[in-house]
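As you go down the protein sequences, you meet chains A and B in turn.
Everything in the first sequence is counted per full-length UniProt numbering, starting at 1 for the first residue and increasing by one.
Everything in the second sequence is counted per full-length UniProt numbering, starting at 1 for the first residue and increasing by one.
Accuracy of the hints is not assured; some may be wrong.
Okay, derived cross-link-like pairs now, DMTMM-like style, lysine to aspartate or glutamate, Cα gap no bigger than 20 Å in a straight line [said to hold, decoys possible]:
(1) B:K65 to A:E200
(2) A:K225 to A:E244
(3) B:K65 to A:D258
(4) A:K179 to B:D90
(5) A:K181 to B:E99
(6) A:K181 to B:D90
(7) A:K296 to A:E244
(8) A:K179 to B:E73
(9) B:K65 to A:E300
(10) A:K172 to B:E99
(11) A:K172 to A:E199
(12) A:K172 to B:E81
(13) A:K172 to B:D90
(14) B:K65 to A:E294
(15) A:K277 to A:E294
(16) A:K296 to A:D205
(17) A:K225 to A:E294
(18) A:K63 to B:E99
(19) A:K225 to A:E58
(20) A:K225 to A:E300
(21) A:K172 to A:D77
(22) A:K181 to A:D77
(23) A:K67 to B:E99
(24) B:K65 to B:E99
(25) B:K65 to A:E58
Quick look at which bits of chain B chain A covers, simulated, 3 or more residues with Cβ under 8 Å [claimed, not checked]:
(26) 55-62
(27) 91-103
Source of the hints: derived by calculation from the structure; they are not laboratory data.
All figures in this text were calculated on a predicted structure; none of them were measured in a lab.
Yeah, the Cβ is synthetic: ideal placement off N, Cα and C, and Gly gets one too.
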Amino acid sequence: MAASIRLFFRRAIRHSHRNININFAGSLGRSACGAGASPCRCFSDERSTHFGFETVPEAEKAKRVYKVFESVAQKYDVMNDAMSLGVHRLWKDMLLHVMHPQPGARLLDVAGGTGDIAFRFLDYVRSQQERQQRRVARSMQTPSWDDISNNYSTEDEAEPQESTAVVCDINKEMLQVGKQKAEQMGITTGLSWVVGDAEELPFDDDQFDVYTIAFGIRNVTHIDKALQEALRVLKPGGRFMCLEFSKVTNPVLARLYDAYSFQLIPVLGEVIAGDWKSYQYLVESIRKFPDQEEFKGMIEDAGFYCVQYYNLTAGVVALHSGFKL
Amino acid sequence: MFRHVLCKLATETGRIQLSVRHAPVLRAVASASVPLRGFSDGKDEAPPPPVDAALLQLLVCPLSKQPLRYEPETNELINEELGIAYPITDGIPNMIPQEARLIRKDAPAEPTQG
Numbered sequence: 001m002a003a004s005i006r007l008f009f010r011r012a013i014r015h016s017h018r019n020i021n022i023n024f025a026g027s028l029g030r031s032a033c034g035a036g037a038s039p040c041r042c043f044s045d046e047r048s049t050h051f052g053f054e055t056v057p058e059a060e061k062a063k064r065v066y067k068v069f070e071s072v073a074q075k076y077d078v079m080n081d082a083m084s085l086g087v088h089r090l091w092k093d094m095l096l097h098v099m100h101p102q103p104g105a106r107l108l109d110v111a112g113g114t115g116d117i118a119f120r121f122l123d124y125v126r127s128q129q130e131r132q133q134r135r136v137a138r139s140m141q142t143p144s145w146d147d148i149s150n151n152y153s154t155e156d157e158a159e160p161q162e163s164t165a166v167v168c169d170i171n172k173e174m175l176q177v178g179k180q181k182a183e184q185m186g187i188t189t190g191l192s193w194v195v196g197d198a199e200e201l202p203f204d205d206d207q208f209d210v211y212t213i214a215f216g217i218r219n220v221t222h223i224d225k226a227l228q229e230a231l232r233v234l235k236p237g238g239r240f241m242c243l244e245f246s247k248v249t250n251p252v253l254a255r256l257y258d259a260y261s262f263q264l265i266p267v268l269g270e271v272i273a274g275d276w277k278s279y280q281y282l283v284e285s286i287r288k289f290p291d292q293e294e295f296k297g298m299i300e301d302a303g304f305y306c307v308q309y310y311n312l313t314a315g316v317v318a319l320h321s322g323f324k325l
Numbered sequence: 001m002f003r004h005v006l007c008k009l010a011t012e013t014g015r016i017q018l019s020v021r022h023a024p025v026l027r028a029v030a031s032a033s034v035p036l037r038g039f040s041d042g043k044d045e046a047p048p049p050p051v052d053a054a055l056l057q058l059l060v061c062p063l064s065k066q067p068l069r070y071e072p073e074t075n076e077l078i079n080e081e082l083g084i085a086y087p088i089t090d091g092i093p094n095m096i097p098q099e100a101r102l103i104r105k106d107a108p109a110e111p112t113q114g
């Protein structure tokens, strides 16, 4: 009888691993790591975490994530377009639209990789600047003598605030791809590339107006550390924005989304990038990431205020935003 | 709904293309000076400072958060206090603590953190 019970438990555990139901698996994984009373304890006294649906020691996760992105770097943008049917561009545009940066803003894009957010940021800010200049020019159509004399005195401070974007990523290859893109687009100023760890940013306190992390935070081993670092490097009044795959609210769409994720995406990964396992990791890591409310709680725990989230595409992607006050 | 998405996609890419086309023109007009951040491909004489000053001022050591000193010969960012040097490859500073080089033999080896 004991044997049959053991068999039953083993089958139940195997079921839970295969079960795509996120909340159950997610809470199981987290409680296992937290309580420590789980099969993971066999890894000496290292904490373990999830790598997709696998359980790995924490030290290993960063290395494996690095390898995943190292192998997909060249085809990353193409794969994004293929997997999301181009919709990822709309998500990123939405991020910028909600961010609404003003000229002079400083952006830190963590896990920025190929620089999509940074390019959009620079574009947005420059078009804002042009719009402002046009507005000023239009209002100067019939200047008074006062206006003319003022204009002469302020002409030398041509661009008082230059917006800058810093792209930080743990992976050199992704940054190389991004740098090449920047050179092709002819962007020479206002953009910097740094290899850095989101859990230990190489920046001083109170430096940036906006911190973004788009589709990167689920790959970080210690999300709370990354959130604390974000709080540290932001100026008071600065905004934290995070785009990440999240839980689809509608159950019918959820089933469709799961089928699409698990059947189609790894196949696309194999065909286009020649890498099935990386994209298998990708869809699994999405399932392991906390849902909208839970992540909102984590952001609030780190010390951000006015935390809110917007569901994009029925919850496939969530845009979380918080302020450092 | 799909038509709307397609239209939006079309206009978005159109707008991005337009702004991208404008960007080089603006850049040519605006930037009088050729960027110091030169093309680091095969320069035999004194290579141009590959990292621009603004970024260097921004960077600190990820471990101690102390400012760093740029060393042009070895092209590294040096933290005197801890005795470590962060390399700069292709103009991109590598600020991962595990990738840093120890300068002093007796410098305390930093515990490698994940």
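So, going through the hints one by one against the coordinates:
no.: 1; hint: B:K65 to A:E200; in the structure: holds, 9 Å
no.: 2; hint: A:K225 to A:E244; in the structure: holds, 17 Å
no.: 3; hint: B:K65 to A:D258; in the structure: violated, 43 Å
no.: 4; hint: A:K179 to B:D90; in the structure: holds, 10 Å
no.: 5; hint: A:K181 to B:E99; in the structure: violated, 25 Å
no.: 6; hint: A:K181 to B:D90; in the structure: holds, 15 Å
no.: 7; hint: A:K296 to A:E244; in the structure: holds, 12 Å
no.: 8; hint: A:K179 to B:E73; in the structure: violated, 24 Å
no.: 9; hint: B:K65 to A:E300; in the structure: violated, 25 Å
no.: 10; hint: A:K172 to B:E99; in the structure: holds, 12 Å
no.: 11; hint: A:K172 to A:E199; in the structure: holds, 16 Å
no.: 12; hint: A:K172 to B:E81; in the structure: violated, 26 Å
no.: 13; hint: A:K172 to B:D90; in the structure: holds, 10 Å
no.: 14; hint: B:K65 to A:E294; in the structure: violated, 31 Å
no.: 15; hint: A:K277 to A:E294; in the structure: violated, 28 Å
no.: 16; hint: A:K296 to A:D205; in the structure: violated, 23 Å
no.: 17; hint: A:K225 to A:E294; in the structure: holds, 16 Å
no.: 18; hint: A:K63 to B:E99; in the structure: holds, 13 Å
no.: 19; hint: A:K225 to A:E58; in the structure: holds, 14 Å
no.: 20; hint: A:K225 to A:E300; in the structure: holds, 13 Å
no.: 21; hint: A:K172 to A:D77; in the structure: holds, 16 Å
no.: 22; hint: A:K181 to A:D77; in the structure: holds, 11 Å
no.: 23; hint: A:K67 to B:E99; in the structure: holds, 16 Å
no.: 24; hint: B:K65 to B:E99; in the structure: holds, 17 Å
no.: 25; hint: B:K65 to A:E58; in the structure: violated, 24 Å
no.: 26; hint: 55-62; in the structure: holds (count 6)
no.: 27; hint: 91-103; in the structure: holds (count 8)
The structure is inconsistent with the numbered hints 3, 5, 8, 9, 12, 14, 15, 16, 25, although it conforms to all the rest.
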